[in-house]
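Taken in sequence, the protein lines are chains D and V.
Heads up, the first sequence is in the working numbering, so the first residue is 39 and it goes up one at a time.
Heads up, the second sequence is in the working numbering, so the first residue is 5 and it goes up one at a time.
Treat the hints as calculated values from the structure; they're not laboratory data.
Please read all numbers here as calculations on a predicted model, not as lab measurements.
Any given hint could be a false lead.
[To be verified] Over 12 angstroms on every C-beta distance to chain D, these chain V residues come out as not near it, computed from the model:
#1 His-29
#2 Asn-86
#3 Glu-112
#4 Asp-132
#5 Gly-133
[As the list claims (entries may be wrong)] Pulled a few chain D residues facing chain V out of the computed Cβ check, cut under 10 angstroms:
#6 Val-102
#7 Asp-200
#8 Gly-205
#9 Thr-206
#10 Asp-207
#11 Leu-211
#12 Gly-212
#13 Ser-213
#14 Val-217
#15 Tyr-218
#16 Gly-220
#17 Arg-221
#18 His-222
#19 Glu-461
#20 His-465
#21 Thr-962
By construction, the Cβ of each residue, glycine as well, lies at the ideal position given by its N, Cα and C atoms.
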Amino acid sequence: MAKISVDGVEYEVNPANNLLQECLSQGLDLPYFCWHPCMGSVGACRQCAVKQYRNADDKTGTVVMACMTPASDGSIISINDKQATDFRSHVIESLMISHPHDCPVCEEGGECHLQDMTQMSGHNYRRYDFKKVTHRNQDLGPFINHEMNRCIACYRCVRFYDDYAGGTDLAALGSHHHVYFGRHEEGTLENEFSGNLVEVCPTGVFTDKTFSAHYTRKWDLQTAPSVCAGCGAGCNTTPGERYGTLRRIVNRYHHDLNGYFLCDRGRFGYDANNSTQRVVETLFRHLQGEDGEVRKALTSTEAARQLDAMSSGELIGIGSPRASLESNMALRQRVGTQNFFSGMSDAQLSCATEVIALLQEPGLNCPDIRTLEQSDCVLVVNEDITNTSARMALALRQATRNAATAMAQSARIPLWQDAAVRELAQHSRSPLIILSPQGTRLDDVASDTFLGTVEQQIALVEGITYAIDADCPASTSSFNFDAQAASIAKQLCAATRPCIVSGISAESIELIRATGNLARALREYRHRQSEVKLSVDLCFAMPEANTMGLALLMREGGGSLSSALSILGKGAADAAIVLENDLYRRAATEAIDAALAGNTPMIAIDQLHNGFNAKAHLLLPAASMAEQGGTWVNYEGRAQHSYQVFQPEGKIRASYEWLVPSNPVSGPTVHGDTLLEELAAESANFAPLLELLSSRTGIAALMKSPRQSHRYSGRTAMHANEHVHETKQAQDPHSPLSFSMEGMLLQKDASLMSAAWAPAWNSNQAISKFQEEINGELKQGNKGVHLLARDGAQRPYSKVEYVAEEGIAKYFIDQLFGSEEISAASPAIQARAVPAYACISHELAQSLGVQQHGLLRLSTNRYSVELPVLIRDRIAAQCVGIYCGSDVSRADLTGKLSVAAVAQDSNVLASSRAMFSSLVINDTLPREG
Amino acid sequence: MTTSTIIASSAPKVQARTLSPEETHEIDHELTLYPDRRAVGLEALKIVQKHQGWVSDESLVAVAEYLGMSAHELDGVATFFNLIFRQPVGRNVMLFCDSVSCYIMGCERIKDHISARLGIDYGETTADGEFTLLPVPCLGDCDRAPVMLMAGEQYRNLTKEKIDALLTRVQQEQTNK
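Please model the complete structure; the sequences and the hints are all you need to start from.
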């Protein structure tokens with residue numbers, strides 16, 4: 039620690055940081071633009087000028103940039119010095135010269151860092167009387183608006199997009215007063231993290247296009263702390279609502295997980311909430327005279343009664359990896375554990391169960407996203423992490439910078455000197471080794487890539503294991519990759535913090551076993567090397583928001599999906615409740631149809647209409663993530679609570695509210711918290727949930743916290759078109775939040791913080807006021823609880839059995855935009871999604887006689903589909919990659935597969951070419967270096 | 005993108021997307037001088053401009069592909085430098101100094117004369133594609149102001165007569181071709 043003096047007050051600071059960061063850590067207000075807590079300093083904007091004195095006798099001092107000056111011990115500075123304040127006010131005046139007077143029509147207005155900093159710097163009168171520089175804006179695709187005239191040239195956008203997120207299609211163009219941040223030519227911003235520009239840009243150059251379409255000022259949004267439903271990473275979000283529709287999602291800082299950034303699926307997938315595909319009615323299918331079968335809307339009471347009537351006999355329930363722990367628990371209670379079945383495919387469940395066992399082994403540590411960034415050697419096995427759990431991929435990209443960090447440290451360059459560190463490192467990167475069947479979006483920073491089928495990857499992973507520990511069981515594979523294996527093993531062993539990343543998207547338990555064996559071998563190696571028992575980082579990406587939660591619940595009892603389907607097929611149950619699940623996505627069409635043929639009365643509860651619930655006898659509308667409070671378990675086994683943002687209109691309810699006992703007048707009689715308490719009491723594995731529950735009840739001064747801001751407008755008038763009386767506000771007896779403006783403001787307590795907001799700081803950058811220190815933990819923040827105790831027994835190496843694949847080898851492709859069911863209903867995501875397609879290599883294309891963008895027929899002995907084909911440069915030989923989207927069922931294509939070219943006309947070719955032109959893939963080799 | 009307007013001349017707008025053998029040859033030489041392909045970006049743009057007169061979008065993409073960098077990044081380099089032309093220019097680019105010394109020595113009168121004679125202002129090209137007039141801040145020849153640089157040659161102590169003689173000569177040469 040070092041001591042510095044700021045305007046005569048002494049502070050204890052970290053000398054490894056710069057003065058700006060340390061001043062902000064101390065809660066002082068010092069304006070800045072180009073500095074970002076995650077991206078360090080470049081000294082571009084000159085806004086954070088302070089006066090620095092050489093010693094106590096120095097009364098003159100010099101103006102320095104706080105962000106470019108280390109907070110070294112004994113520093114004496116002044117923020118309030120007249121010369122420094124004058125300097126800052128002149129800097130902002132010149133930055134603002136061409137800035138338009140369009141705040142009232144600007145989407146950033148009211149949460150604009152530039153507005154805040156202008157106020158703070160005391161520039162309130164314009165003296166510039168000449169013609170402003172103006173620019174032409176570009177169409178940057180369905181996510182982002184572009185308004186270049188508002189730019190103050192802080193360079194944050196390109197520093198985030200290019201340097202941090204690895205984007206290649208946004209550049210600083212031009213120079214001096216006409217510098218322009220945009221693309222070389224108009225077009226969609228391709229990077230998966232483009233949405234962060236909305237928050238990274240200190241003003242309104244890059245704004246959320248989906249938000250613009252139903253815009254509301256920040257202060258008019260009702261918000262609550264939430265969790266992203268896009269994948270199993272568990273990123274924290276702040277959804278905002280107005281007039282009963284969800285308007286947008288912004289990032290909510292979580293120290294261990296998402297930090298300051300979200301992926302574009304998480305940010306723009308919310309609009310599914312407002313989609314026309316939403317189930318809003320309770321629909322009952324019945325025979326009605328001459329009309330035959332019709333679906334009739336029931337009132338909520340009728341629906342509850344109908345549900346009770348249908349579920350009086352022998353009842354089975356199928357859970358869901360995208361429903362909350364509460365809803366799955368409510369279903370299990372309703373049907374009984376022995377009648378509760380997994381809503382995942384059998385293969386997925388066994389993979390997730392294997393992952394849970396691995397993560398509980400001592401010495402195998404499941405890293406959170408922040409820890410992933412600290413790895414100095416990463417091995418990715420098979421998982422296309424950018425497309426399945428994108429935020430983790432962004433962390434892996436940062437991990438490759440650890441070589442740069444080490445170089446900077448030995449050259450004594452402070453790590454916050456961003457430009458200097460990058461200049462020093464050039465192309466030096468920490469090892470990132472990617473095993474994959476096709477080129478991935480992280481290849482540009484990979485040190486080594488291996489293209490191979492899942493079977494080949496297993497053989498390589500076994501080879502690496504053998505190279506580390508010759509006592510491991512011998513591989514039975516016919517493949518031999520000893521040379522590559524030895525080189526990878528060497529890098530993993532040499533690393534200080536090696537990390538192995540995989541996932542369950544391949545649904546191959548053998549792959550998980552082999553990966554687990556490698557982690558065990560590496561753990562043993564590290565134990566031998568050091569007296570301190572060094573652990574090995576091992577994690578597996580999870581596809582859905584609660585895959586891990588459901589898999590944990592299934593450990594407590596319940597059956598597989600296939601056994602549920604067979605019960606249904608036999609008509610052995612009187613009714614079935616299917617929770618938030620399109621079963622056609624989970625098992626083969628044939629198997630689902632056979633189950634439906636049993637004519638078991640089917641009750642579906644879901645958010646969106648889909649192929650399966652169209653066939654249900656009773657369909658009940660389920661709340662989305664933002665419309666309900668719920669608990670979700672991420673890939674680490676971290677349970678987090680998401681709060682209800684707003685009361686959905688009409689008959690929509692949280693799924694569990696349909697399932698728990700209900701009173702015809704007052705509605706559900708059991709609250710979600712009770713379900714969690716019961717779960718925690720039943721099983722030691724879920725006992726930490728009590729801690730999560732208790733962290734939610736600590737309400738300051740027995741007052742609730744408001745979901746609406748203190749400036750929320752129109753409260754008394756917003757429903758005046760419907761009724762002259764002010765409508766009663768929705769009640770929320772169980773949570774510490776209220777659906778109103780009144781209550782304890784959250785300005786000092788971050789545990790329930792939804793929208794970061796502090797006096798004089800209206801943008802999301804107000805987050806610094808809620809952190810213990812910059813980039814630190816949130817004050818009183820709640821990071822969730824871990825449900826996976828690291829106390830399992832050390833297990834011996836698992837046996838890996840090769841199940842030889844019949845027919846041509848295949849792998850299934852995930853797409854960030856399209857693979858996840860709910861976000862795929864968001865119009866902006868749809869604009870980026872592509873229909874189902876297949877990928878093959880040039881050699882295979884030649885031997886099959888299919889041309890680029892032509893059609894390929896994929897057939898199993900029961901099913902056949904024709905897909906447009908993409909011939910890729912970087913793809914494993916002799917195999918076919920299949921992207922299913924929502925058009926094709928993955929389960930239908932398991933089993934022996936054959937492929938053949940289909941004759942096509944030029945129209946088909948042209949339309950597939952157009953479709954593939956919007957697909958963002960990476961087929962270039964890693965960048966030089 | 006830039007604030008100055010350059011009126012498109014009759015120069016051909018679309019260039020081949022593949023680099024010519026001469027261009028490739030010269031870029032290949034530059035590549036031997038740097039450890040990183042991307043470092044050759046600026047030199048490669050200068051080579052293309054030398055052969056094509058300017059750098060079209062098509063040329064830019066071709067160079068970017070050849071150097072294995074993104075066209076967006078290379079365009080950042082291209083547009084940073086005033087003298088990499090991203091729009092067509094005349095066969096003779098007149099870089100006319102309008103800085104302090106030349107201003108004191110009456111460069112504005114000379115400039116007005118050029119504009120009157122050729123019918124072009126700063127940033128414009130004559131309809132026949134012969135001349136483009138651009139301002140530059142200084143040519144380092146203040147003791148012989150006003151100064152102008154054209155086709156690699158510096159013209160000093162400019163007067164209206166000198167300008168007339170020069171323009172007439174260039175125009176005649178072009179007619180004789």
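Checked hints:
{"no.": "1", "hint": "His-29", "in the structure": "holds (22 angstroms)"}
{"no.": "2", "hint": "Asn-86", "in the structure": "violated (8 angstroms)"}
{"no.": "3", "hint": "Glu-112", "in the structure": "holds (19 angstroms)"}
{"no.": "4", "hint": "Asp-132", "in the structure": "holds (29 angstroms)"}
{"no.": "5", "hint": "Gly-133", "in the structure": "holds (25 angstroms)"}
{"no.": "6", "hint": "Val-102", "in the structure": "violated (28 angstroms)"}
{"no.": "7", "hint": "Asp-200", "in the structure": "holds (8 angstroms)"}
{"no.": "8", "hint": "Gly-205", "in the structure": "holds (9 angstroms)"}
{"no.": "9", "hint": "Thr-206", "in the structure": "holds (4 angstroms)"}
{"no.": "10", "hint": "Asp-207", "in the structure": "holds (5 angstroms)"}
{"no.": "11", "hint": "Leu-211", "in the structure": "holds (4 angstroms)"}
{"no.": "12", "hint": "Gly-212", "in the structure": "holds (5 angstroms)"}
{"no.": "13", "hint": "Ser-213", "in the structure": "holds (5 angstroms)"}
{"no.": "14", "hint": "Val-217", "in the structure": "holds (9 angstroms)"}
{"no.": "15", "hint": "Tyr-218", "in the structure": "holds (5 angstroms)"}
{"no.": "16", "hint": "Gly-220", "in the structure": "holds (8 angstroms)"}
{"no.": "17", "hint": "Arg-221", "in the structure": "holds (6 angstroms)"}
{"no.": "18", "hint": "His-222", "in the structure": "holds (4 angstroms)"}
{"no.": "19", "hint": "Glu-461", "in the structure": "violated (12 angstroms)"}
{"no.": "20", "hint": "His-465", "in the structure": "holds (7 angstroms)"}
{"no.": "21", "hint": "Thr-962", "in the structure": "holds (8 angstroms)"}
In this structure, the hints that do not hold are numbers 2, 6, 19, in rising order.
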